[in-house]
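Between the sequences and the hints, there should be enough to build the whole structure, so can you do that?
Chains as they are written, first to last, in the working numbering: chain A, 1254 to 1512; chain B, 1254 to 1512.
Note that these hints are calculated values from the structure, not bench results.
Hints are not guaranteed to be accurate.
One copy or any two copies: either way a pair holds, since identical chains are not told apart in the list.
Claimed, not checked - Restricting the straight-line Cα-Cα distance to at most 30 Å, the calculated cross-link-like pairs of lysine-lysine (DSS-like) are: (1) LYS1256 - LYS1473; (2) LYS1317 - LYS1393; (3) LYS1317 - LYS1473; (4) LYS1397 - LYS1452; (5) LYS1434 - LYS1256; (6) LYS1434 - LYS1404; (7) LYS1509 - LYS1397; (8) LYS1434 - LYS1322; (9) LYS1452 - LYS1322; (10) LYS1509 - LYS1281; (11) LYS1281 - LYS1317.
2 protein chains.
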Amino acid sequence: MNKKPLILVTNDDGITAPGIRHLISIMKTLGEVVVVAPDRPQSGMGHAITISDNLYCDPVTIDKYSEIKEYSCSGTPADCVKIGTQEILDRQPDLLVSGINHGSNASVNVIYSGTMSAAVEAGIEGIPAIGFSLLDYSMKADFKPTTKFVKRITQQVLEHGLPEGCVLNVNFPVAESSEIKGVKVCRQAKAHWQEQFDKRSNPQGRDYYWLSGEFINNDKGENTDIQALEQNYVSVVPVQFDLTAHRAMETLNNWKLND
Amino acid sequence: MNKKPLILVTNDDGITAPGIRHLISIMKTLGEVVVVAPDRPQSGMGHAITISDNLYCDPVTIDKYSEIKEYSCSGTPADCVKIGTQEILDRQPDLLVSGINHGSNASVNVIYSGTMSAAVEAGIEGIPAIGFSLLDYSMKADFKPTTKFVKRITQQVLEHGLPEGCVLNVNFPVAESSEIKGVKVCRQAKAHWQEQFDKRSNPQGRDYYWLSGEFINNDKGENTDIQALEQNYVSVVPVQFDLTAHRAMETLNNWKLND
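Structure, rendered in structure tokens:
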């Protein structure tokens, strides 16, 4: 098949975010690109889907010199994948890429990540998928150093497909191209957020809170994504969507769950 | 320790939903109960958290004859767990229970589930946690047949704790007590939703969509949650939050990811 691969692009920072614009510019060199992305930032949306409200999904022109078809969607990243594959595209895409996220989706952040929920949604539908994230939350983040790695990882996925039941969670350190040591296949570091709630009063005197927190990595083991990123490697974690803790099943079978 | 266990209760259908009221009535018999639940339905919210908006979390009285402390929160189920453990409770709870959800969280629904995101959030924080769901979406669902099973499963978790790195996803068939055959420890069935988008025009002539779909179970293997539920068993799936597809790592290490 000489046909160019069909690549669906989405993100969770919104269709105009610099990260997705950079990702589109790379994907253009690898295949036929269609963009279906949220009309506004959707960070921290996890795997939310829109079931109690309607969805808008309209063609838009972000770059008037581009011939790529782009659609702006009122829903979440997972909604974008669902509507993209079912309503917008006339055939199943060969690849879904999501990002490049402004900020980390390494370790436990994968659970809260809208970027990765899009990749997982595609994975469930049987589409190879990659979520890309740069550890820089700024809208002025420099995505250039990611280019050759995004391209190489994407080419490998287009060439090999992905092992069944997983998608890729790729994170980039904040570093110059020359400082990045390479790509490491990793496991998700065992970490958590230590929440802090900033309590304030609104002008009417009602208390409210802002969620903030500190990322705590208790995982001192080898081969974690956090460790790789700290050492200026690009981390690649295969992420599964069968959440069954198979090893725990035996333990539970020894419990008195029945009379 | 003779002290009663401290049990945090939440859900995703909102604090007044019949399912959580039933769950509270059972938990009262097992420990000291505190409720922190969304002020409105949050179904399909996945593991969303509120990071770009403030959160309200106010004490409320739903049942004036009850002495249980209850808080109504403007956020998602995961937010409720975060604010409950960090701001409301003065010690770490011994257990988090979420539900009883009006509708299935079996199989791949676990990924979209607000009910289960609360349980996973607690699990990440090191708190044993269970999400309960009944396969009846109606607000008039009959939760009585679940009572003895909810109690027994909860007692087993309080007694044994949970294997590290997992929480429980418990689903109930729609059946009379006498018809329920028992409890089965299961794996997550490999299934997906085949989306259908219902396209309409709003009064101004702009197109919009309603997401709907059909649940497709292609998993003909043994020991799935869907199979157990079809046979009128209560399904218990241990759910992990290390999403690493460990077996895929070797495959990826054979790729040309570096020069």
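Hint by hint, here is what the structure shows:
1. LYS1256 - LYS1473: Neither: 46 Å inside a copy, 35 Å across copies.
2. LYS1317 - LYS1393: Only inside one copy: LYS1317 and LYS1393 sit 22 Å apart there, 53 Å across copies, limit 30 Å.
3. LYS1317 - LYS1473: neither (49 Å within a copy, 49 Å between copies)
4. LYS1397 - LYS1452: Neither. Shortest intra-copy (39 Å) and inter-copy (39 Å) distances fail the 30 Å Cα cut-off.
5. LYS1434 - LYS1256: Answer is neither; intra-copy 34 Å and inter-copy 54 Å both fail.
6. LYS1434 - LYS1404: Within one copy only: 16 Å inside a chain, 53 Å across chains, cut-off 30 Å.
7. LYS1509 - LYS1397: Classified as between; 21 Å across copies, 57 Å inside a copy.
8. LYS1434 - LYS1322: neither (35 Å within a copy, 53 Å between copies)
9. LYS1452 - LYS1322: Answer is between: at 20 Å across copies they meet the 30 Å cutoff, but 44 Å inside does not.
10. LYS1509 - LYS1281: For LYS1509 and LYS1281, only the inter-copy Cα distance (21 Å) is at most 30 Å; the intra-copy one is 57 Å.
11. LYS1281 - LYS1317: within (15 Å within a copy, 62 Å between copies)
Of the numbered hints listed earlier, those contradicted by the structure are 1, 3, 4, 5, 8.
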